[in-house]
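Engineer: Single-letter residue listing:
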Amino acid sequence: MTPLDHYPAIDLGPLMKGLVIGGLGIFHVFLAQFAIGGGMLLCYLQWRHMRGVCQLARRFTDDYFKMLVLVSFVLGAVTGVAMWFTSIQISPRTIGTMVLEFHWVWATEWTFFCLEVVAGYLFYRYGPRLPDRTRMQLLLLYSFASWMSLFWINGILSWQLTPGTWLETRNVWAGFFNPGFLPSLIFRTISAAAIASLAACTLVNAVPGFTREERQSLVAVCARPLAFMLAMPLVGAWYLGTMPADSRGWATGGSVPMTLFLTMAVGSSTLIGLYAVLAILRQRLFVNGATASLLLALAFVATAGGEFVREGVRKPFTIREYLYSNSIARDGVAELRRRGSTADDPYPLRDEADYPNEQLVLGAKVFRAQCSVCHTLDGMNAVADLAATWSIDQRRLNIAQLQRTKPFMPPFAGPPAEVEAIVQLIGWRHAGRPADWAVSDDPAVLAQIERWLDEAGTGPGDARLAGGPRRP
Amino acid sequence: MNTLFPFGLPPATAFYLCLYLATLVVHLVFMHYVLAGSIYLAVGRLMGRARCQACRWQSILVDWLPFATGLAITAGVGPLLFVQILYGREFATANLLLSHRWMAILPVLIVCFYLLYLQKSAWIARRAWAWRLTVAAIACAGFIFIAWSWTENHLLMLDQTAWPGMYASGSLWYESAGVLPRLAAWCFLAFPSLAIELAWQGRLLGDRLEEPAAADTRVPGLSPVRRLAVMALGGWAGTLLAAAAYWPAIPDAARAAITGPLAGPWLTVAAAGLGLQIAAWTITLVSDRLSQGTLFVMTTAWVATLLGIAVVRETIRLTAVDLAIGGELHQTALGIGGLPVFLVFAVLNAIAIGWCIRTVRIQALRADFR
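For the record, the sequence lines run as chains H and D.
Residue numbers for the first sequence, in my numbering: 9 to 480.
Residue numbers for the second sequence, in my numbering: 79 to 448.
Bound conformation, chain H alone:
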């Protein structure tokens, strides 16, 4: 594995790259879980209709499925492809590694996509003309296929945070059935059921032709899967328990944004769960369209919070213990310290003529290679702002010992000259980007930076990570 592969970095202006993939990811996960839960709910409704205990179920199933096709088959499918393309835009090496290591898992998931689309579309198109037994068979196949797509992708996503023994064995199934696999799968299945239930409650109020009583009886049936939310605290705690200690630490107080987002997810889920159990299921209150929409919006907030935490707690890695957030291999830092992170970079800077000297050009290239995936120069999460109050020696120390400055940062992967180059870049930008800027090449300064780099070492900053297993 090479320490670093150079790709042409995209420029999103003041936007953080992580925000783009995170935003799209949340949207896609919500739609996908709606589709998965929708399949399960429709099987339940069809089953109740066949038992003769819910005469409206068959009609509502057809209405619901139309929405499922329009939302999930279009937006869900295209945002799924968009996730892939966006991942390439943000971190081609991470997605490249995931594709390489799990391509047969992905290919297997693809066969389930095919079944899902065919079974789903046949139901959508011919369902109203089909006998109940065939409808049920199609719905079961659709539901099974969509849940299996969750099964496969869940293994890959949970592997990113808890790769387990894959790090030693490189066995695909050791990575797939990793410690986080099962709690994550159960948690996502419950979330899917809850989202589909709330969407159904919204739809019951939106489609014409039902009386108030009919709506009430349908809401009572559609809301039943919400009862599974009672298991969420237990499964959530189990999932947290499988997380590495440092990652769990970020989410439970160690990092304010992570803790806030986890609180947001837990709080929203708790509100939905309490309302569902106490008001809808126990007191059998009617849920009108506005309330159902609000609950669905809360479910989106919960999904957003959960996904943000899942993405965030992997730091400083995108693939734990294997690949850092900036696509530098964990085992490649030492080599890059020797030969530099930009030595093989074939791509020039677009604004190279704007820099007064070569050192600043180097600084900009180092920023592009090591920092730009999470930071901007002047926009969101800007390095210039983060280092604004630091003295020049503080900048040298903090960047040389990056993993100690912030334990969720990867170690700096370059020689002292690259540290000094980025320090000068920050200083130059703070000074208003003057036309003249002296080169800083004092051997004493570089020697001091080298001592700091050596002190910090080439591993991650958190002591719990520093001693972790290494790839053979």
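Everything labelled a hint here was simulated from the structure, so no lab data went into it.
All residues carry an ideal CB built from backbone N, CA and C; glycine is no exception.
Treat the hints with caution; some may be incorrect.
Lysine to aspartate or glutamate pairs mimicking EDC-like chemistry, simulated, CA-CA at most 20 Å apart [said to hold, decoys possible]:
1) H:K414 x H:E329
2) D:K198 x H:D71
3) D:K198 x H:E329
Chain D stretches covered by chain H per the calculated footprint, using a threshold of three residues with CB under 8 Å from any CB of chain H [as the list claims (entries may be wrong)]:
4) 146-155
5) 228-234
6) 368-378
According to the in silico footprint, chain H covers these stretches of chain D (three or more CB under 8 Å from chain H) [said to hold, decoys possible]:
7) 189-200
8) 399-412
9) 427-440
Mind docking chain D on chain H? Use the hints.
Structural biologist: Then chain D, alone, in the frame of chain H:
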């Protein structure tokens, strides 16, 4: 490069290339339906309401294009996966260089997808004809934009010397003499595919294409069968012209590989399939009837041609990439477990899909009969 594709290639590379090409051809089947279908529909709308409503194929397209688009996207996941195993660095670099322009295909695809559903809605049926024309034209333009973006992406992958310069310039457009003729070739190639697919759809929906259209059901202008023949023959004429225009833009090494031992026999297969199709469609045009036997022959020739063209397309790419680097990676990939699981589920899910189609067909026909 001196042995027939894929035999002279490293085994792992050859294995993934075969998988890629097999899944690509399946994707092409649906992609051609969507691309040519949306163009056919937009042009048809220009002809006016009466001609449009009388055209059997346009009503089928309006009805089935959304599903075909879903299938094209789903079928596209397979080749998208294998292309990343085969040419991960090149594919990612081209994506990154085209950047926002490349990513624009996604919102465009969503808009086009919804417009296809809108085309078959009762809402638009109540609107003035101009609405339907506008919706069809936007959807068509969107799919052509997506095809153009893929063409640019593909050619940029092959042109590695252009990467640093393109990045430095900040341009999001890859300009090359090959883009337009290659795009035109792929767009025209979609029409013969559409003709065969519509013929099968017509048959499955009960159309009697083996008999001349009865006088009272004749549409203004050509009969349904002759429309298909004109569509296919016109498509092939356009494809050949565009391919001729593209040929000078292909590097010498690639041209030599196409006509040499690597891909020459595959080019011959494609040409033989093409010749058979042209003969069969010409007979169909003259006789105004399309028997099942002729359709079988055409379909077999069509599949052979698509396979041959896919190999020729891949040959151009193989001459542009460093197989020594890629081969090592492909060998690593092949050593990673999971292939048996994929094969088992591929077979099981294929059986399940077949069962779904058969069961619904039987049940739906039974319901219609009742």
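Engineer: Are the hints correct? Go through all of them and say.
Structural biologist: Hints, one by one, checked against the model:
{"no.": "1", "hint": "H:K414 x H:E329", "in the structure": "holds, 17 Å"}
{"no.": "2", "hint": "D:K198 x H:D71", "in the structure": "holds, 17 Å"}
{"no.": "3", "hint": "D:K198 x H:E329", "in the structure": "violated, 52 Å"}
{"no.": "4", "hint": "146-155", "in the structure": "holds (count 7)"}
{"no.": "5", "hint": "228-234", "in the structure": "violated (count 0)"}
{"no.": "6", "hint": "368-378", "in the structure": "violated (count 0)"}
{"no.": "7", "hint": "189-200", "in the structure": "holds (count 3)"}
{"no.": "8", "hint": "399-412", "in the structure": "holds (count 3)"}
{"no.": "9", "hint": "427-440", "in the structure": "holds (count 8)"}
The structure fails to meet hints 3, 5, 6 from the earlier list, while all remaining hints are met.
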